[in-house]
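Participant: In UniProt numbering, the protein residues as written are 1 to 610.
Among these hints, one or two may not hold up.
[As the list claims (entries may be wrong)] Derived pair list, reagent style EDC-like, types lysine to aspartate or glutamate, alpha-carbon separation capped at 16 Å:
| no. | residue 1 | residue 2 |
| --- | --- | --- |
| 1 | Lys571 | Asp610 |
| 2 | Lys137 | Asp121 |
| 3 | Lys148 | Asp494 |
| 4 | Lys360 | Asp302 |
| 5 | Lys157 | Asp77 |
| 6 | Lys531 | Asp516 |
| 7 | Lys162 | Glu325 |
Just so you know, the hints here were simulated from the structure itself, not pulled from any lab data.
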Amino acid sequence: MLLTITYAQSRVIDFESDKWVIRNGQVTEHLGRKAFVGYAYLSEVEFENGTIEVDIAVNGPKVRAYPGIIFRMQSEDNFERFYVRTHRASLYPDALQYTPINNGITSWQLYNGDGFTAEVDFPPNQWMHIKLEILGKQARVYVDNAVKPALVIHDLKHGGSKGSIGIMAEGAAYFSNFQYTITDDLQFEPPPLVDTVPGVITDWELSHAFKLNDTDMAEYPTQQLLSMVQWREVSSEPSGLVDIARYTGRLGREPDCVFARTYINADTDTFLHLNFGYSDAISVFVNGARYFSGYSTYQSRDPSFLGIIGYFDEATLPLRKGNNEILLIIAEVFGGWGFMARDGDAVFEYKGVKRDWETKKEFRIPESAVYDAVRDIIYVSNYDLYNFSRQEGNQSISQLLTDGTVKHLDWITGLKNPLGMTIHDDRLLVVERGGIVEIELESAEICNRYPINQSGLLNDIAIDSAGNIYVSDSRNNTIYRLSHGEYAEWLTGDGVNDPNGLLIHGNNLIYGNSGDQHLKSVDLTTREVRKIANLGPGFIDGIKLDRDGNYLVSHWQGRVFRITPTGEVTKILDLSVQGIYCADFEYLPEENVIVIPTYFDNRLITYQLD
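Starting from the given sequences, assemble the full structure and let the hints guide the process.
Facilitator: This is the structure we're talking about:
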């Protein structure tokens, strides 16, 4: 009989209890405690939401045991898994790992980065407490009784499922003091915006599994073989990922493969610049001809190579007018079976957003743009960090007209890698290495410099109605305030982690806090910090207020969002697939246009928002 508890009830389960189903392991003594080593689960528990806690110990820093917690186990081949790579602790950002188990396949190569992996310190030869909290499709992991979670999981891949719970290790790791509580009484912040990658190929047909040794990946499948395939329609995740294990399992220990196909209709003869990723091997065919083969298994390229999936490969595929078949053969050896594909030329533009003018590639890493309404001029900072022929102190501010015509490429020179800018009292204030530069706009002369000693990476700048100047320091996790030429640390602590973009809005300073992915607001009087919205992974750069009172916010990686005052997020532009960055942009309210410095792309581009 399944044990279902809808109210909070903490249960401590002794490892010698007959409630445990032990698949591989034994009860022993370790570090002065009764402990369990191996793999076991509680089959009579039906767990959906709540907490699971256990102490874990390993004998040495190089132990590869992968100890952790399994939960919502629907069968021995389908469950959620969290574990610790103790041999990578304190060294790599993936010492903590969440992965779904589908059809017996552990897919860690497919699920890496934000929401799936995290760094942690995990010293050997001592008990470390692990607490896992689960609610709906979200979970978080606390290590060693820390106040903050070490890993926040935004999207549990089995959804809001139910099932058994247990512990699992593949080597010499020890478990002690296992307990769980079933409860819905947990509070989670809303997850970040689910970001659909531009140009992803979403719809595929998938075959059943074949033994790789019976398949020639260099040859297009025979018509006889294709006629035997029972195709299954599948859809990718928003990232473009197709986790093959969701649809088919392995045939045995030897490598397996599947076929995946899709069709693309072309209006004329053309080329498709296909970006794609795969695990573990792939062949790409277009209309029966092979155009790419690749191999990306664990440790296949060097001893530290993990084989993590991503958009790391590209092929230029010829398309003929009409319907074109793209067929993939994807093989699996170990660690995750999947693929992803997208149009490498894709751009996402929200309804009504369209490209306006753009400049030539003549700037030198343009980082910030600011509009001078008095002179109808746009100023652009040339960060110019990577040109070693121009040392620090030889950078410039450019001047251009609002139609994109460059008036002066080097209007003001002698700056130290300038970044954020703002205009106040007919003066341009520019953040540079180590301080602020003040420029008289009428005379075009530098009139003051305000050093900020021992600063790290000063980034953006804003000025309140009283003339106080605020400067973000992304490296030192600090926002400074300058008043009457004197600076002081104004905002530090847990709420400030990798701050960048700044905007004064009423009696609040709005700032981008990339360390926790949030747009935040801090009261200028009380310094009370409030979260506005979670934007997901990315460096929050430019922040502007549009004419409807919404925030326009850029991710440096190439995205622009519109955020309502209540925190509703809408992506309105995404240039990331083309590798075009969106640094500290300007907004022209009368034209409803954003002016984007493209950083490495060395130009300015503009978009009409209506």
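Participant: Next, verify each hint and record whether it holds.
Facilitator: Do the hints match the structure? See the list:
1. Lys571 <-> Asp610: Given pair Lys571, Asp610 holds - Cα atoms ~14 Å apart, limit 16 Å.
2. Lys137 <-> Asp121: Cα-Cα ~26 Å, so violated.
3. Lys148 <-> Asp494: Roughly 10 Å separates the two Cα atoms, so the pair holds.
4. Lys360 <-> Asp302: Distance of about 41 Å is beyond 16 Å: violated.
5. Lys157 <-> Asp77: holds (14 Å)
6. Lys531 <-> Asp516: The hint holds at about 10 Å.
7. Lys162 <-> Glu325: violated (40 Å)
Checked against the numbered hints above, the structure breaks hints 2, 4 and 7 and satisfies the rest.
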